[in-house]
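Protein chains: 2
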Amino acid sequence: MPSYTAPVADMMFLLRDVLDAPGALSLLPAHAETDLAMIESILDEAGKFCAEKLHPLNRSGDEEGSRLANGVVHTPKGFAEAYAAFRDGGWTGLSASPEFGGQGLPRAVQILVDEMLSGANLSFGLFPGLTRGACEAIEAHADEHLKSTYLPRMISGEWTGAMALTEGNAGSDLGLLKATAAPRGDGSYSVTGSKIFISSGEHDMAENIIHLVLARLPDAPPGTKGISLFLCPKFLVNGDGSPGARNTLSVGALEHKMGIHAQPTCVMNYDGCQGWLVGQPHRGLAAMFTMMNAERLFVGVQGLGVADASYQTAAAYAKERLQGRASGASGTAPIIAHPDVRRMLLTMLSTIEAGRALVLFTALEMDKETTHPDATTRAESAGLVALLTPVIKAALTDFGFEAAVLGQQVLGGHGYIREWGQEQHVRDARITQIYEGTNGIQAQDLVVRKLDLDGGAPLRRFLGLIRETLATTADRSELTTERDALSEALGHLDDVTTRLGGALSEVDERNAAAVDYLRLFSLVAYGWLWLRIADAVLRVGDVTTTGRRKLATARFFATRMLPQSQSLARQIAAGAAPLMAPEASWF
Amino acid sequence: MPSYTAPVADMMFLLRDVLDAPGALSLLPAHAETDLAMIESILDEAGKFCAEKLHPLNRSGDEEGSRLANGVVHTPKGFAEAYAAFRDGGWTGLSASPEFGGQGLPRAVQILVDEMLSGANLSFGLFPGLTRGACEAIEAHADEHLKSTYLPRMISGEWTGAMALTEGNAGSDLGLLKATAAPRGDGSYSVTGSKIFISSGEHDMAENIIHLVLARLPDAPPGTKGISLFLCPKFLVNGDGSPGARNTLSVGALEHKMGIHAQPTCVMNYDGCQGWLVGQPHRGLAAMFTMMNAERLFVGVQGLGVADASYQTAAAYAKERLQGRASGASGTAPIIAHPDVRRMLLTMLSTIEAGRALVLFTALEMDKETTHPDATTRAESAGLVALLTPVIKAALTDFGFEAAVLGQQVLGGHGYIREWGQEQHVRDARITQIYEGTNGIQAQDLVVRKLDLDGGAPLRRFLGLIRETLATTADRSELTTERDALSEALGHLDDVTTRLGGALSEVDERNAAAVDYLRLFSLVAYGWLWLRIADAVLRVGDVTTTGRRKLATARFFATRMLPQSQSLARQIAAGAAPLMAPEASWF
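Taken in sequence, the protein lines are chains X and C.
Taking UniProt numbering, the leading residue of the first sequence gets 1, the next gets one more, and so forth.
Taking UniProt numbering, the leading residue of the second sequence gets 1, the next gets one more, and so forth.
Pulled out of the complex, with its shape left as it was, chain X reads as follows:
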C-alpha cells in the first residue's frame, strides 16, 4: 500500500542552504524571531499529521466521495474527525494575522504545510485552504465589524470559507456574471443568484460556512467594473458571535467530477440571502484579486504535493518490482535498472524539487512584500511576486500533472487500477491546471500583463538574479554543464522576450506565444534553481545520498529537460499566423 512521507529534509535544505531563509527573515521585524529549528519542528509535526491522519483517508475519501441528501452534504467517513483534529491542533491559522488569533508565521511555512496537505489528501486540504483565502480577502477589504465578527472564528477553524465566483455562463470571463444584490435598507444586502463549481460550499465539518459571493448592485455598470463582493454566512451571526438563524443559501447539487471526490464541489443557490458588502461597491473583482496571488500559489503547490506523493509511490515500486533484466546482468532485476524508468522518475524529481524551490523563493518575497521596513524593497518584491505568480500556478500544476501521469506509467497496469493510488493522483492533479484561472489564462496574464509591469522592471530584476547566479558560480568547474545549459536557455528566453516587445507585441501575437512562453520561462527558472541547489550542495559539502541525488538531478535537468527551450523558442517565433489563419467555421 502506498504511504506518504513529508519531504522535510529537502524542504529544510532549500530554506537553509539554498534560499537563506534565516537571512531573509531576519530583515523582517514581523518574522525576525522565526528560526529554522522552530520551522523544522512545525514541519515535522505537520508531516506526521498528514501521514498518519490525512493520507489514510485519501483513497477511502475518493471511493466514498461527498454525498448530498436532503440538502445536507455528508463528507466521507473520517473527514469530520480529521478536520476536528486539524483544527484543534492549531493548524488552521499558521500564517494568519495574530491580531485575529493567527500565528503570524512566514508564508513559506504555510506553503510547505500546504504541500504536505496536498500530497496526503488534496480534497481535505482545500477546506482550510479556501478558508484562508476568504480570510485574506476579508482582512484586506472588509470593515472592522465584519473582521472582528468573522475572522477569529475562521482563523481558528471553527468556521470555514467558500468563494462563490463562477456562474454557468461566467467562468474565465467574470464580467458576464448575473447574480444580483439589492440593499435591504439596514446596511446589508439581499444576494440572489446561482453559482457553480463552489468548493467546500456546503459540508458537515464546521458549524458555519462563510461565503464570499460576487454579485451586481442595482446601479452596477456592465462588465467587470460592476461587480461587488458580499459576505454571506450560512448561519447569520447572533450578537454574542454564535451562529443563529439559517440564511437563505443552499446547495443545489454536487458536481460529478473526474477527481477530488471527497471535496464537495457545489452548485450553490443564493435566494435573497442576507449579505454584507466587502470593500467598495463595484470593486469586488479587485478585492478578490487581492487574495488571488496567495490562492494561485496555493494551487501551484497542490500540483507539487500530488506530484511528490506520486513520485514516492513510483520510486518505491520501481525499487521493488522485479521485471526484466538489467543490461549486462543475469537474473530478474528491479525495474529501476531500466533507463526509461529512471527517465520517468528523474523527470518527476527534477520538476518537483525545482518547483518547490521556486514557490519558496516567491513565498519569501511575499513576506518581504508585506512586512519589509523599506518601501522600495517592498515594491520590488511585489513586482517579483506578481511576475512569478502565474508562472507558479501554471508550471507547478502542468509539471505536477505530467509527473502524476509518469508516476502512473512507472507502475504499468498496476498504475491504472485503484490499488496503488496512482490513478487517483492523475485525476486529482488534473483540476489544478483548470481552477483558479486555467493555465492558459495564467500564461495570458504573464505575457499580456506581467512582462510589461512597471515598464518591465520585475522581469529585468528576475533575469538579473539568474545572471547573478551564473556569475557567482562561474568558478565551480563541476557545474559547467549546468551553467552552459542555463545560459543557452536564458538566451532563448531573452530572444523571445525581445520579440514579444517588438514584432510579436500585438495582443494576438502575445497570446499565441503565451503557453509556450510560460513553459520556456519556467524551464529557465527551474534551471536557475537547480544551479543554486547544486551550488549549495557543493558549498556545504553534502556528500550524502541526498546531496549526490541532488547533483545528479541537476545534471539530468540540464541535459535532458532544458534543451526543450530551443524548440519552444522556435515555436514562439513562428508567431500567431499559423493559429489565426483558419476561419472559426473550419474547426
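Among the hints, a few may not be true.
Any copy will do: because identical chains look the same in the list, a pair fits if it lies in one copy or spans two.
Claimed, not checked - In silico lysine-lysine, DSS-like type, Cα no more than 25 Å apart, as pairs:
1. K225 with K77
2. K53 with K147
3. K257 with K77
4. K178 with K77
5. K319 with K257
6. K178 with K319
7. K319 with K147
8. K48 with K77
Derived from the structure by calculation, the hints contain no laboratory data.
Given chain X, put chain C in place with the hints provided.
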C-alpha cells in the same frame, strides 16, 4: 450533450487522394474487387451504428460499469442488446478470413471501423477487438480441428475471445509467468493459474468465451522459451458444435480501474480447466506475437478514436461558448477567437489526422504483406509493418492522450465534470498508453530491435519514402514551409539514428534514447504525411472548407509542432549517463 460523428469524408480523402488505396489494392488479388464506393458505404453504415447505438451508451456505461455478482458479470444496461445488433449486422468479421465466414475486406476498412468504435465507445470496442485478435492467433497456429470448431462462431460474433497473458508478477516480463498446463492423456491439458487484467474475461453478451491462456508445460525451460498457448473455452464444445459443460475457469474479481468502466477487466482463475494446445509446445509467445502487430495497431487506433471524439466536442464547444472578447473587437466572442484555444484544437487536429494517415498507410502495407503475389514485396511490406507497429501503438496513444487532455482543457471547469464526456475520454485514453505493452516497451522495441531489422533495410526504406515525397513535391512553392520543416526534422532523425548505430549503440544507451527517439520518429512521420495530405489537397484542387483546413493544419504542424524535433535530438545526444549515474537507492 456531446455527439459523435464518424469522420468518413476525412477517411475517404486519405484512402482516395493521399494513399491511393485503389491503386494499392488493385495489385492484390484478394482485394482487387474492393472499390472505394463499397468502402465508403461500409464506413457510412458503421459510422451510423457507432453514432446511434454505441455512443449513447458511452457515458451510462462509464457510470454504471460492469458488475460482478455471484460469479456472473453484468455488463451495463444496453450493452448486450447493442452487441447483439452489432453481431447481427455482420460487423464482427469484416477483415476475417472468408474460409471461416469472414468478409475478407482489407485491413484498412477494419482499422477505420475500429477507430469509430473507439471514438464512440472504447469499452464496447474491446469486445470484438479482442475476439479478432484471438481469431488471428487461432487461425495462424491452431490445428484444423480447433480452427473449424471455434473460428466460425467467433468470427460470426456468437462467441467472443479473451487473451490471458499477465499474472501478478509477470507483466512486461512474461518470462516470469507461473501458470501451468499438464497433459490429460487425451490430447488436451489441465491449465491452472491466476491471471490479471483480462479484458472481456467474463460477461453476459455471448454464449461462450474462448480464452487463450499462456502457461508452462511440465518440461518447460524457464523464461520466455518455456511458455505455451492454450485454448480454454468457458463452455466445452459438444460434438455438434454447441456449448456444453462448464469448464473450470472463473472470474475472481473485476479490476477497479481509472476508466473503461463498462469493460469487465477480470482477475481470472483457471482451476485445472481443460484446454488445447495452440501451436507448438514452448512456442506460445511466438504465437501470441503473430497477432501482436494487429493488436498494437488496434490499440493505437483506440487512442486516435478517443482523441477525435474529444476534438469533436471541444471544437463544438469552442464555437458556441461565449467568454471574453476577441482582440480588437467589442462584445463577447466564442472562445474559438482566442489564439490559445486554437493552439489546443490545432494540436489535436494535426496529430489526429496524421495519425490516421500513418495507421492507414501501415494497414495497406499489412495487406500487401499477407496477400501480394510477389515475395519480395511481401517481405518489404512486412519490414515496414514491423518497424511502424511500435511507433503507431505508442505515438497514436501518447498523442491521443495528450489530445484528450487538451480537449478537456478547452472546456475549462466544464471539462472536469462528467456532463460533456471530456473527462471520461481522458480516463479511457490513458489505458491505451499502458496495455498491449507499455509505450516505454514499444520504444524499446523500436530502438533495440526494429532499427536493425534486416540490417536496417525497413528503416532505410521508410526514410527513403520521406525523401521521395520531399523530391516529388519540390516544385510546389506553396509548401516550402512544410518541406523545409520536414527536411530539418528528418536531418535530426538521421543524425540521432547514426548515433544509435555508433556511439550510442549499447543497449542502455539505446534504451535511454528510446522514448525521445520514438517521439522524434513519429513527428517526422507525421510531418511527412502532412506534406502528402497538403500536396493531395493542391493536386485535386480542393478549395472547400475541408481542403483549406487541411492546408492550415499542415502549416500549423510544420511551424508549431515539428520544431520539437530539434530538442528531442539534443536530449537523445546527451546519452544514458544522466539517467544511469544515480544509484538505485538514491531514488
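Verification of the hints:
no.: 1; hint: K225 with K77; verdict: neither (43 Å within a copy, 50 Å between copies)
no.: 2; hint: K53 with K147; verdict: neither (32 Å within a copy, 58 Å between copies)
no.: 3; hint: K257 with K77; verdict: both (19 Å within a copy, 22 Å between copies)
no.: 4; hint: K178 with K77; verdict: neither (37 Å within a copy, 40 Å between copies)
no.: 5; hint: K319 with K257; verdict: between (33 Å within a copy, 24 Å between copies)
no.: 6; hint: K178 with K319; verdict: between (55 Å within a copy, 22 Å between copies)
no.: 7; hint: K319 with K147; verdict: neither (52 Å within a copy, 44 Å between copies)
no.: 8; hint: K48 with K77; verdict: within (20 Å within a copy, 46 Å between copies)
Consistency with the previously given hints fails for numbers 1, 2, 4 and 7, ordered from lowest to highest.
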